[in-house]
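K.L.:
All chains, please: the whole structure from these sequences, using the hints.
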Amino acid sequence: AQRVTQPEKLLSVFKGAPVELKCNYSYSGSPELFWYVQYSRQRLQLLLRHISRESIKGFTADLNKGETSFHLKKPFAQEEDSAMYYCALRNTGGFKTIFGAGTRLFVKA
Amino acid sequence: GAGVSQSPRYKVAKRGQDVALRCDPISGHVSLFWYQQALGQGPEFLTYFQNEAQLDKSGLPSDRFFAERPEGSVSTLKIQRTQQEDSAVYLCASSLEHGNTEAFFGQGTRLTVV
Chain B
1 AQRVTQPEKL
11 LSVFKGAPVE
21 LKCNYSYSGS
31 PELFWYVQYS
41 RQRLQLLLRH
51 ISRESIKGFT
61 ADLNKGETSF
71 HLKKPFAQEE
81 DSAMYYCALR
91 NTGGFKTIFG
101 AGTRLFVKA
Chain L
1 GAGVSQSPRY
11 KVAKRGQDVA
21 LRCDPISGHV
31 SLFWYQQALG
41 QGPEFLTYFQ
51 NEAQLDKSGL
61 PSDRFFAERP
71 EGSVSTLKIQ
81 RTQQEDSAVY
91 LCASSLEHGN
101 TEAFFGQGTR
111 LTVV
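For the record, the sequence lines run as chains B and L.
The first sequence begins at 1 in the working numbering and counts up one residue at a time.
The second sequence begins at 1 in the working numbering and counts up one residue at a time.
In case anyone wonders, no lab produced these hints; they're calculated from the structure.
Possibly wrong hints are sitting among the right ones.
Listed next, the stretches of chain B that the computed footprint assigns to chain L, with coverage defined by at least 3 CB atoms under 8 Å from CB atoms of chain L [as the list claims (entries may be wrong)]:
1. 38-50
2. 65-79
Listed next, the in silico EDC-like pairs over lysine to aspartate or glutamate satisfying Cα-Cα at most 20 Å (straight line) [as the list claims (entries may be wrong)]:
3. B:73 <-> B:8
4. B:9 <-> B:79
5. B:96 <-> L:68
6. B:57 <-> L:102
The model shown is predicted, which means the values in this text are computed figures rather than measured ones.
Ideal placement from N, C-alpha and C gives every residue a C-beta, glycine not left out.
P.N.:
In structure tokens, the structure reads:
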């Protein structure tokens with residue numbers, strides 16, 4: 001079964017601390033992995049995708065096929081990073097995107 | 001338009017009532033998606049259009065749900081005989097073309113069935 005698991009519903013860290021939002025997936029094909037973010041009162045938006053191998057707002061994510069994970073990391077959290085984060089996967093070249101349940105990140109001053 | 005626009009933003013329906021939710025995608029976007037997001041959950045895929053063709057409707061939960069995009073632009077998601085379990089945020093997204101392009105989401109319509 002195709003599934004995205006985000007084990008933490010809520011993650012609270014202090015400003016300046018490292019943060020890691022966990023994401024594990026199960027998929028039989030060749031997936032593309034994404035992280036989406038939703039800031040308060042804003043719409044859902046793409047943060048980054050594994051094929052781009054880029055850093056957005058200081059966040060990075062590495063696809064580990066052996067562990068079927070795509071954890072999102074940032075070395076120094078900022079208050080403005082407080083948001084809801086969703087991990088998602090899509091079959092390469094496909095269109096159906098499967099989302100995890102989301103992790104709410106709260107960065108304390 | 002600046003982005004994907006959905007209307008209404010909020011809808012309260014009595015159980016058994018029919019509702020219609022509208023999505024205006026970004027102009028020129030070929031692909032259009034509908035998702036259902038229940039409270040505390042991530043978005044769940046409902047259906048996908050490429051222009052006016054509905055290529056996948058496997059996520060529609062029952063035959064009470066119907067979506068259309070007759071001219072390949074605006075889309076409507078219709079729910080007949082609403083039930084309490086239909087209460088959710090309904091998200092629409094569009095992308096420039098099929099495949100490896102970013103999808104842009106609307107603000108969603110929050111449907112509450114009472």
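K.L.:
Looking back at the numbered hints, which does the structure fail to meet, lowest number first?
P.N.:
2
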